[in-house]
Amino acid sequence: MSDQRGMVQRRGLGHWFTHLGLIIGVLFIFFPIWLAFVASTVTQPEIVRPPMPLLPGGHFIENYSKALFSGVNAPVASMMLNSLIMALGITIGKIVISLTSAFAIVYFRFPGRTVFFWLIFLTLMLPVEVRIVPTYEVIANFGMLNSYSGLIFPLIASATATFLFRQFFLTVPDELTEAARVDGASPMQFFWHILLPMSRTNIAALFVILFIYGWNQYLWPLLITTDPSMNTIVMGIKQMFPSGDDLADWPVIMATSILAMVPPVIVVISMQKLFIRGLVDSEK
Amino acid sequence: MEKRVIFKGWMLPALLLLPQIVITAIFFFYPAGQAIWQSMFVPDPFGLKTQFVGLGNFEYLLGDPYYRASFVTTAIFSGLVTVVSMGVALYLAILADRLIKGSGTYRTLLIWPYAVAPAVAGVLWMFMFNTRVGVVAWYLGLLGYDWNHVLDEAEAMGLVVVASSWGRISYNFLFFLAGLQAIPRSVIEAAAIDGAKFWTRFRTIVWPLLSPTTFFLLVVNVVYAFFETFGVIHTITAGGPQQATTILVYKVYSDGFVGQDLGSSAAQSVILLLLVGILTVIQFKFIERRVHY
Amino acid sequence: MATLTLDNVRKSFGATDVIHGVNIDVADGEFIVIVGPSGCGKSTLLRMVAGLEGITSGEIRIGDKRVNEAEPMERNIAMVFQNYALYPHMSVFDNMAYGLKIAKTPKDEIAARVAVAAKLLQLEPYLDRKPRELSGGQRQRVAMGRAIVRKPAVFLFDEPLSNLDAKLRVQMRLEIKQLQRELGVTSLYVTHDQVEAMTLADRMIVMNAGKADQIGKPLEVYENPQTEFVAGFIGSPATNFMPAGSVGVNVGKTVGIRPEHIQLTDSPTRLQARVAYCEALGAETLVHLRLPHGQLITVRQGGHLPLPSEGTDLWLGWHDAAMMVFGEDGKRI
Chain D
115 MSDQRGMVQR
125 RGLGHWFTHL
135 GLIIGVLFIF
145 FPIWLAFVAS
155 TVTQPEIVRP
165 PMPLLPGGHF
175 IENYSKALFS
185 GVNAPVASMM
195 LNSLIMALGI
205 TIGKIVISLT
215 SAFAIVYFRF
225 PGRTVFFWLI
235 FLTLMLPVEV
245 RIVPTYEVIA
255 NFGMLNSYSG
265 LIFPLIASAT
275 ATFLFRQFFL
285 TVPDELTEAA
295 RVDGASPMQF
305 FWHILLPMSR
315 TNIAALFVIL
325 FIYGWNQYLW
335 PLLITTDPSM
345 NTIVMGIKQM
355 FPSGDDLADW
365 PVIMATSILA
375 MVPPVIVVIS
385 MQKLFIRGLV
395 DSEK
Chain R
-3 MEKRVIFKGW
7 MLPALLLLPQ
17 IVITAIFFFY
27 PAGQAIWQSM
37 FVPDPFGLKT
47 QFVGLGNFEY
57 LLGDPYYRAS
67 FVTTAIFSGL
77 VTVVSMGVAL
87 YLAILADRLI
97 KGSGTYRTLL
107 IWPYAVAPAV
117 AGVLWMFMFN
127 TRVGVVAWYL
137 GLLGYDWNHV
147 LDEAEAMGLV
157 VVASSWGRIS
167 YNFLFFLAGL
177 QAIPRSVIEA
187 AAIDGAKFWT
197 RFRTIVWPLL
207 SPTTFFLLVV
217 NVVYAFFETF
227 GVIHTITAGG
237 PQQATTILVY
247 KVYSDGFVGQ
257 DLGSSAAQSV
267 ILLLLVGILT
277 VIQFKFIERR
287 VHY
Chain S
919 MATLTLDNVR
929 KSFGATDVIH
939 GVNIDVADGE
949 FIVIVGPSGC
959 GKSTLLRMVA
969 GLEGITSGEI
979 RIGDKRVNEA
989 EPMERNIAMV
999 FQNYALYPHM
1009 SVFDNMAYGL
1019 KIAKTPKDEI
1029 AARVAVAAKL
1039 LQLEPYLDRK
1049 PRELSGGQRQ
1059 RVAMGRAIVR
1069 KPAVFLFDEP
1079 LSNLDAKLRV
1089 QMRLEIKQLQ
1099 RELGVTSLYV
1109 THDQVEAMTL
1119 ADRMIVMNAG
1129 KADQIGKPLE
1139 VYENPQTEFV
1149 AGFIGSPATN
1159 FMPAGSVGVN
1169 VGKTVGIRPE
1179 HIQLTDSPTR
1189 LQARVAYCEA
1199 LGAETLVHLR
1209 LPHGQLITVR
1219 QGGHLPLPSE
1229 GTDLWLGWHD
1239 AAMMVFGEDG
1249 KRI
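Protein chains in written order, with my numbering: chain D, 115 to 398; chain R, -3 to 289; chain S, 919 to 1251.
Where hints are given, some of them may not hold.
Result set (EDC-like, lysine to aspartate or glutamate): computed pairs, CA atoms no more than 16 angstroms apart in a straight line [to be verified]:
no. : chain 1 : residue 1 : chain 2 : residue 2
1   : R       : K4        : S       : D1012
2   : S       : K1171     : S       : D1184
3   : D       : K352      : D       : D341
4   : R       : K4        : S       : E987
5   : R       : K(-1)     : D       : E160
6   : R       : K4        : S       : E989
7   : S       : K1037     : S       : E971
8   : R       : K(-1)     : S       : E971
9   : S       : K1129     : S       : D1012
10  : R       : K45       : R       : D257
11  : S       : K1129     : S       : E992
12  : S       : K1249     : S       : E1100
13  : S       : K1048     : S       : D1012
14  : S       : K1069     : S       : E971
15  : S       : K983      : S       : D935
16  : S       : K1135     : S       : E989
17  : R       : K(-1)     : D       : D288
18  : S       : K1022     : S       : E987
Read the hints as simulated data drawn from the structure, not as lab findings. Computed from a predicted model, the values in this text were never measured in an experiment.
Take these sequences, add in the hints, and give me the full structure.
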């Protein structure tokens, strides 16, 4: 496809300006991350005496092992584990309940179906940030503060994924369902053998999006994890800054920031094709 | 849209829907209902009893200069974030679309800030502009500019806008590039044969054809700026200085959890709920249009 | 293998009737084609037999067993869909085996049955491929294979050839006919293409607006259409219809004459007409003539005859036996 777009191309000088513009854009995007990486490989005195160096230093292992195994309030390794559990819990939980309810909405007629469908629309796009106080009370009443279920359930409670799967199921040809019925498949057999395998790419794309969504949660863990051992990494970074005028331990904080980026970045880069398809094609 | 082919029965679908219904009821509808309920009460000074005030909380809020200021702050903030992140993204997407080869490489290079949490982005930018150790702040000082977003309201706003827009550029870039590549080459080539120069082609052909993408991104980015930027604000400015960066979501948090004013916080939640509702309706109309064409 | 009986079968959606009481007796091993224009209800009728649509009243029996309420798979039928409806994520083997797996058929028997079907349909080299890696004709064969392995009592075909190009359609038509002969399975085949209907059917059913206008052997239907609709629908180019009075017939409303039954002469016979244009197709020529009041008449004559030049006036002649007379209600008199 990109081979055919030749005709309306500017050649020569304009071509290089195009690259130049893009490279400037890439540098702008990269610079903050580069600086964080450099800061995570040098010593504290090198940072607090501005300007800090712009090339990596030799304290990579030292800073990262300090962050991972002792951290400031809690070892970052355990915060990463918490983040992983939360992200996977949200991702898998949401995909599972969305798949089954989208299946029910699309492939059955039952009383209250329309009502249910409109309730879904109500939950679309309404983020947890809007209802934090009462949701916090619900979690507190259930004794779910400082627990994984407290971290996970409120973030599953929205129907965006249900809506996406509904959209996809509507594009599955009716004749496939009929063929399955003629083949004698029960509704659940149709779901397992045909609908699920056909949704593979959508599920994978949604997995990427939801994993990043879950991993990057900030406000909610900030509210309900008062115990440092339950902190997630994204919210834990802020907790590493000392209150008052004390000097922050920048190399360790920056190492933690890099560590907080690595898992979602790996997921995005390694599943780039699926993710882009998921975003551009299926989302909204 | 409806399926022509369906299965019979209601037990199975009820069972399939149950998990979602239970979770949504407990963690979504109940809290949302609570927010509406609480918004009509004020606690007495000792926090022992609450008193029904009807729409009093709303009246108070709308008369509260701080809340009104927060509205204005939110409008400025989300407007700037949307324009900056979409503008830069569109510019980069147009450049990448012009390339015969390599647009995929640039896409890979530009895509991954999407994965960086807003709170982490906040820490990165705060580090660069930190008044004590920030490299950028230091070089600005060398140029004779005294950067201090801790004290200067405009600088604080500028910093949270840039930090919020930064990660968003990837997302918008992906959509703009996909939108641009979906425009049939033949249409643009026809315009070129008609003698239209690049800018004319862009204005008269590309931009109108791109408008569904642009409109979609507009809504999505406003929603993003409203809610998901909490992490950026909290890490960089904590709403300051003098509430200059206190957007509505931040105020719900600071009044509800820091200030413990539950009635006011709940009323603010309800107002946000209405705002999101409006945005959702706009979004929904858009979705349906896309689905049906 | 079994007989299939439709006894006064009706279907309505709310107040609108789509099938107005259809009666058919299909003998064991017979190939029945239902033909009609789009919207006549032929696909609905087939889907009612399959169990994919409900029956409002009447009865459907397969092998003397009432199946009105039975699920599709309990009816012992197999269906070939218009778009093939192959499961896109399964290999050719799995597509054919799926129904047997659901029925918990032993693995070795599944393998054996699929092997037989694959050999029959020349699909052996493709068993591991996915549907998207196959050509249109091959997909069609897989859809057939899926029906065959189940050894059903009745085959149902829903316009199975309409997605193929013209050449392939002719080839697959022959294959389907041959296969059905070999297997001897009772078949019900729906199409809007009268050539398919004529060539495939043991007996055909011409449907019009939810009613079976005529049931019979293809040639019988062609030579002796029972309604004006059948006379117009079966046969290409279509039958010429003229008001009865204009050709000297005193009964009925309309007279139909097939294009090949009209002879063109210079000397006066029945009607005079002016040649509008000719289509020389090689083996035959279609001559279109205009009657004095403007109606177009098509005549089919051998390709060896000289082409009349446009604008000449000629006479149309035919035997009395060629006239098909229809009454006010469209029925043959």
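How the hints compare with the structure:
no.	hint	verdict
1	K4(R) with D1012(S)	violated (26 angstroms)
2	K1171(S) with D1184(S)	violated (29 angstroms)
3	K352(D) with D341(D)	holds (14 angstroms)
4	K4(R) with E987(S)	holds (13 angstroms)
5	K(-1)(R) with E160(D)	violated (65 angstroms)
6	K4(R) with E989(S)	holds (11 angstroms)
7	K1037(S) with E971(S)	violated (34 angstroms)
8	K(-1)(R) with E971(S)	holds (14 angstroms)
9	K1129(S) with D1012(S)	violated (39 angstroms)
10	K45(R) with D257(R)	holds (13 angstroms)
11	K1129(S) with E992(S)	violated (27 angstroms)
12	K1249(S) with E1100(S)	violated (38 angstroms)
13	K1048(S) with D1012(S)	holds (9 angstroms)
14	K1069(S) with E971(S)	violated (23 angstroms)
15	K983(S) with D935(S)	violated (26 angstroms)
16	K1135(S) with E989(S)	violated (32 angstroms)
17	K(-1)(R) with D288(D)	holds (7 angstroms)
18	K1022(S) with E987(S)	violated (23 angstroms)
In summary, the structure is inconsistent with hints 1, 2, 5, 7, 9, 11, 12, 14, 15, 16, 18 from the numbered list given earlier, while agreeing with the others.
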